[in-house]
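Please model the entire structure based on the sequences and the hints provided.
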Amino acid sequence: MYFRRVTSQDMPLLIEWAQDERYDEFFRRTPPICEWAHPGLVETTFANYYVIVKDGKELGLASMGVEDPYAKTFKAGAMMIKGHSMQDSKQMMDLIADLAFNKLSMHRIVMVVLAHRIKLHERLVNYGFELEGVFKESSLHRGKLVNEHQYALRRDKWQACLAKQGQ
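Count the sequence shown with our numbering and you get residues 28 to 194, in order.
Source of the hints: derived by calculation from the structure; they are not laboratory data. Be aware that one or more of the hints could be misleading.
[Said to hold, decoys possible] In silico lysine-lysine, DSS-like type, Cα no more than 25 Å apart, as pairs:
1. Lys146 x Lys191
2. Lys146 x Lys117
3. Lys117 x Lys81
4. Lys184 x Lys99
As structure tokens, this is what we get:
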């Protein structure tokens with residue numbers, strides 16, 4: 028499994044995914060489909076978006092990037108994955124943690140999650156993320172303002188979780 032930067036060649040795939048109502052949580056923060064039509068625009072609009080690829084098949088999209096280079100904060104999120112297992116989710120989180128902590132020497136990873144995504148909250152906590160705060164009515168979802176929760180995983184907490192798993 029790996030992450031590949033989104034390019035204009037991914038347009039048919041993005042349009043297919045955007046038309047599926049299950050993924051409106053992901054696409055609510057990205058430009059409307061009609062704005063993606065210009066091939067050169069995709070490369071700039073999606074500079075922080077990556078296609079998740081496993082065994083040559085595109086599983087979904089993820090957004091990633093350095094949020095604060097001075098505080099060494101890496102932001103990951105907006106994961107839209109179709110037909111994946113819990114093992115795939117763990118492998119994706121392992122790849123993101125390896126990128127952030129080992130390759131980029133970040134101090135922490137942050138993810139913002141819609142409040143009603145209970146299973147995702149549980150997965151993040153199981154992985155070692157801690158709830159840092161709640162943004163009240165900060166996101167428009169299906170015509171309603173909803174809360175978002177910000178989770179963070181610090182390098183020391185991640186290392187402790189790895190050590191515990193190794194026992």
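The hints, checked one at a time:
Using a Cα cut-off of 25 Å, the hinted pair Lys146 and Lys191 holds, with the two alpha carbons roughly 23 Å apart. For a cut-off of 25 Å, the pair hint linking Lys146 to Lys117 stands: about 14 Å separates their Cα positions. With a C-alpha separation of about 13 Å, the suggested pairing of Lys117 with Lys81 holds against the 25 Å cut-off. Distance restraint check for Lys184 and Lys99: the Cα-Cα separation of roughly 15 Å lies within the 25 Å cut-off, and the hinted pair is therefore satisfied.
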